[in-house]
Amino acid sequence: MQPITITKSCQLKGDVLTVNGSEEPFDFKELVTNASLRRRMSRIVKMGVACGLKCAEGLPSEEIDGIITATGLGCLGDTEKFMESIVVNSERLLNPTPFIQSTFNTIGGQIALLRGIHSYNVTYVHRGLSFESALIDAAMQVAEGKKNVLLGAIDEITPSSADIQRRLGMTREYELGEGANFFVLNATASGSNSAAVLDIDTRSGRLTDDELIEWIVGMAERNGIKTSDLCIVANCNAATADNIEKRLPLKNKSLWFKTCEYPTLTAGALDFAINNCTANNTLIISDYQHINHSLILLGRI
Amino acid sequence: MRIAVTGLGAVSGIGFGVSENIESLRTGRHGMGKPRFFQTTLDVPVSEVKATNAELAKRLNLNAERTYSRTALLGLMAAREAVADAGIDVGKKRVGFISSTSVGGMDLSEVFYNDFRTDHSRGRLRMVSQHDCGASTEFIANQLGINGFVTTISTACSSAGNAIMLGARMLKYNMLDAVIAGGTDALCKFTLNGFGSLMILDKEHCRPFDATRAGLNLGEGAGYIVMQRANETVRKPYCLVTGYANANDAYHQTGCSPEGNGAFGSMSAALQTAGLQPSDIDYINVHGTATPNNDLSESAAIRRLFGDRVPPFSSVKAFIGHTLGASEGIEAVYSVLSVSDGYIYPNLNFKSVDPAIGLSPETEFAEGRTIRNVLSNAFGFGGNDTSLIFSKID
Chain A
10 MQPITITKSC QLKGDVLTVN GSEEPFDFKE LVTNASLRRR MSRIVKMGVA
60 CGLKCAEGLP SEEIDGIITA TGLGCLGDTE KFMESIVVNS ERLLNPTPFI
110 QSTFNTIGGQ IALLRGIHSY NVTYVHRGLS FESALIDAAM QVAEGKKNVL
160 LGAIDEITPS SADIQRRLGM TREYELGEGA NFFVLNATAS GSNSAAVLDI
210 DTRSGRLTDD ELIEWIVGMA ERNGIKTSDL CIVANCNAAT ADNIEKRLPL
260 KNKSLWFKTC EYPTLTAGAL DFAINNCTAN NTLIISDYQH INHSLILLGR
310 I
Chain B
16 MRIAVTGLGA VSGIGFGVSE NIESLRTGRH GMGKPRFFQT TLDVPVSEVK
66 ATNAELAKRL NLNAERTYSR TALLGLMAAR EAVADAGIDV GKKRVGFISS
116 TSVGGMDLSE VFYNDFRTDH SRGRLRMVSQ HDCGASTEFI ANQLGINGFV
166 TTISTACSSA GNAIMLGARM LKYNMLDAVI AGGTDALCKF TLNGFGSLMI
216 LDKEHCRPFD ATRAGLNLGE GAGYIVMQRA NETVRKPYCL VTGYANANDA
266 YHQTGCSPEG NGAFGSMSAA LQTAGLQPSD IDYINVHGTA TPNNDLSESA
316 AIRRLFGDRV PPFSSVKAFI GHTLGASEGI EAVYSVLSVS DGYIYPNLNF
366 KSVDPAIGLS PETEFAEGRT IRNVLSNAFG FGGNDTSLIF SKID
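Chains as they are written, first to last, in this note's numbering: chain A, 10 to 310; chain B, 16 to 409.
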């Protein structure tokens with residue numbers, strides 16, 4: 010894989026929007042001027058569209074060669090709204106809006122529509138590896154000569170999904186989180202000190218500590234990097250993070266990122282790593298529910 | 016680098032397995048009927064896979080006591096057939112599985128929701144734990160013993176086209192050695208009512224491209240193809256995947272532009288990837304949902320690209336219905352066989368030319384034709400348009 014640079018990162022958590030790590034005020038009404046369109050948008054669509062449009066700001070539409078989004082659970086609010094209306098209205102005279110906006114690619118589609126972007130557009134929906142899949146695709150797009158790729162991840166908490174995930178035992182270690190993250194990726198290192206994605210790998214199923222260490226060492230080796238030079242961003246639980254520190258001689262102090270759980274949290278960890286790690290090489294280690302794992306190796310260009 | 020298709024698997028309303036599907040297409044036996052396998056009050060034809068979940072589990076030698084989403088069962092059936100057909104060893108590290116679906120385990124979730132909606136401590140958890148799109152993919156990958164890269168795409172009705180496109184690209188970049196790609200979707204109340212609320216379901220059997228067409232019929236099923244680099248195949252490949260492209264119409268969340276901008280974009284870019292001219296295409300498996308809007312927009316795009324030399328084309332939607340996330344999986348299987356065996360599929364129910372379209376699809380089954388390249392379209396909500404090109408091996 011050739012290195013791809015990340016030239017911009019945007020994050021929306023609650024009402025706080027950060028661009029390249031710094032907070033920026035924004036007005037959703039200015040981003041989406043059509044009032045009826047705004048009204049139709051659910052919370053997750055607003056989150057994703059706002060974050061995506063802010064990230065794409067300043068780039069002409071014809072220079073955006075791809076919109077790749079990721080979501081573990083998609084537009085849950087609208088999904089439930091439509092299910093409820095089916096029951097309540099006994100399958101008659103239903104409002105189609107929640108159905109239309111319940112599809113997983115709504116946010117990618119809305120950004121394309123609002124900005125008139127006719128290029129490649131795809132959405133990944135694979136649990137804790139949704140964002141990682143999208144990143145792999147984005148890296149290939151850049152390798153294929155695409156100019157700029159807009160890459161994003163969005164997941165929302167709804168009261169129902171929180172209750173279900175609690176009952177499923179998915180909140181034993183962490184409370185649920187949510188958020189939107191978008192990035193601009195390209196091949197050219199515009200601006201000094203841009204972060205570059207050097208390598209990415211994913212695994213599914215349980216991983217033992219030994220397997221994880223072996224995997225980390227293997228990735229460092231195949232990229233010609235000493236593990237001792239890595240700055241670790243631990244998007245995994247504290248026990249795993251401690252174990253990595255014990256087993257690998259690291260010069261830099263590891264940064265522990267994970268404080269909540271949702272399928273596309275890795276996108277938040279990437280934003281954090283880009284804007285907080287000064288070491289030459291950063292490795293983001295992610296674990297979602299102990300079933301999905303990923304390693305993302307970053308460098309500086 | 017050449018990407019070859021070495022395995023096929025399909026299940027739909029017209030058959031279990033690829034050969035039953037082709038036999039139905041050959042004999043004009045469609046899959047439409049009243050909904051039998053899920054509860055709905057809507058009186059519209061659908062193309063269901065003709066088996067209950069318990070019967071599907073039995074055919075798959077699964078423990079019938081357990082709960083499976085129908086999406087997962089249909090997907091496993093088609094994926095297993097494709098893997099066996101290709102004769103690949105899936106236990107090898109770099110075999111990937113790329114699936115797609117539009118609603119995942121919604122067929123179970125809506126049963127769960129009936130109990131859950133008034134009391135959040137109620138509802139059987141096993142009916143909701145397979146809700147997410149990744150659940151069916153992981154289940155199929157585990158059943159097949161795949162340890163390599165596994166992911167899921169959901170771009171509404173073009174999902175499986177994008178899964179195949181991703182698979183081909185990952186082979187090209189040497190990130191995988193073999194990949195099983197396609198999609199699976201089960202019919203459910205949610206989807207049927209969704210399309211019903213948009214008022215694009217025809218109460219009669221759908222009529223793609225016909226002047227009297229009045230909407231689509233939904234269907235269910237699954238379809239996967241196995242792809243490998245052409246110099247690494249175990250068996251003689253069916254054909255090559257030479258072209259693929261994805262473009263966005265950026266016109267409306269659910270409707271298509273009158274000029275077919277997205278469709279034109281994806282078809283022309285697919286030709287470009289393949290290094291082909293419009294005159295090299297001998298058959299188009301059109302998206303052809305039979306909604307007034309889709310068929311008009313798609314034909315406008317075809318006319319723009321092919322001028323007055325439009326190749327033979329047809330829609331199989333009147334046979335299998337619109338199978339959404341599975342549609343380009345199943346239709347890719349048909350398209351591959353069109354190249355390898357020279358098949359052209361009949362566009363059922365076409366009687367009169369729509370003056371606004373001015374094109375007539377193929378209405379008879381044909382075989383043994385020389386078909387060098389097939390173009391296959393899949394378009395979806397969100398303006399997501401994908402086109403694939405399958406080509407004969409010289």
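Calculated directly from the structure, the hints in this document are not laboratory data. Heads up, some of the hints might be wrong.
Here are some chain A residues the structure puts well away from chain B; computed CB gaps all over 12 Å [what the hints assert, rightly or not]:
hint : residue
1    : 79
2    : 80
3    : 119
4    : 205
5    : 214
6    : 233
7    : 252
In the DMTMM-like style, the derived pairs of lysine to aspartate or glutamate whose C-alpha atoms are separated by at most 20 Å in a straight line are [said to hold, decoys possible]:
hint : chain 1 : residue 1 : chain 2 : residue 2
8    : B       : 187       : A       : 208
9    : A       : 22        : A       : 270
10   : A       : 90        : B       : 130
11   : B       : 108       : A       : 208
All residues carry an ideal CB built from backbone N, CA and C; glycine is no exception.
Distal placement of residue 119 of chain A relative to chain B, Cβ over 12 Å: violated, 7 Å
Are residue 108 of chain B and residue 208 of chain A close enough, with their CA atoms no more than 20 Å apart? holds, 18 Å
Please verify that the nearest CB of chain B lies beyond 12 Å from residue 205 of chain A's CB. Residue 205 of chain A clear of chain B: closest Cβ-Cβ about 18 Å, beyond 12 Å.
Per the stated criterion, does the least C-beta distance between residue 214 of chain A and chain B lie above 12 Å, as a non-interface residue requires? Incorrect as stated: the minimum Cβ-Cβ distance to chain B is 8 Å, not above 12 Å.
Looking at residue 80 of chain A again, its CB stays over 12 Å from all of chain B? violated, 9 Å
Check whether the Cα positions of residue 90 of chain A and residue 130 of chain B lie no farther apart than 20 Å. holds, 16 Å
Between the alpha carbons of residue 22 of chain A and residue 270 of chain A, is the straight-line distance 20 Å or under? holds, 14 Å
Is the straight-line distance between the alpha-carbon of residue 187 of chain B and that of residue 208 of chain A 20 Å or less? The given pair, whose Cα atoms are some 17 Å apart, holds under the 20 Å limit.
Is the Cβ of residue 252 of chain A farther than 12 Å from every Cβ of chain B? holds, 24 Å
Closest CB of chain B to the CB of residue 79 of chain A still more than 12 Å away: It is violated; residue 79 of chain A is separated from chain B by about 10 Å at its closest Cβ, not greater than 12 Å.
Grab the minimum beta-carbon distance between residue 233 of chain A and chain B and tell me whether it stays above 12 Å. Given that every Cβ of chain B is farther than 12 Å from that of residue 233 of chain A, nearest at about 19 Å, it holds.
Consistency note: the structure conflicts with the earlier hints numbered 1, 2, 3, 5.
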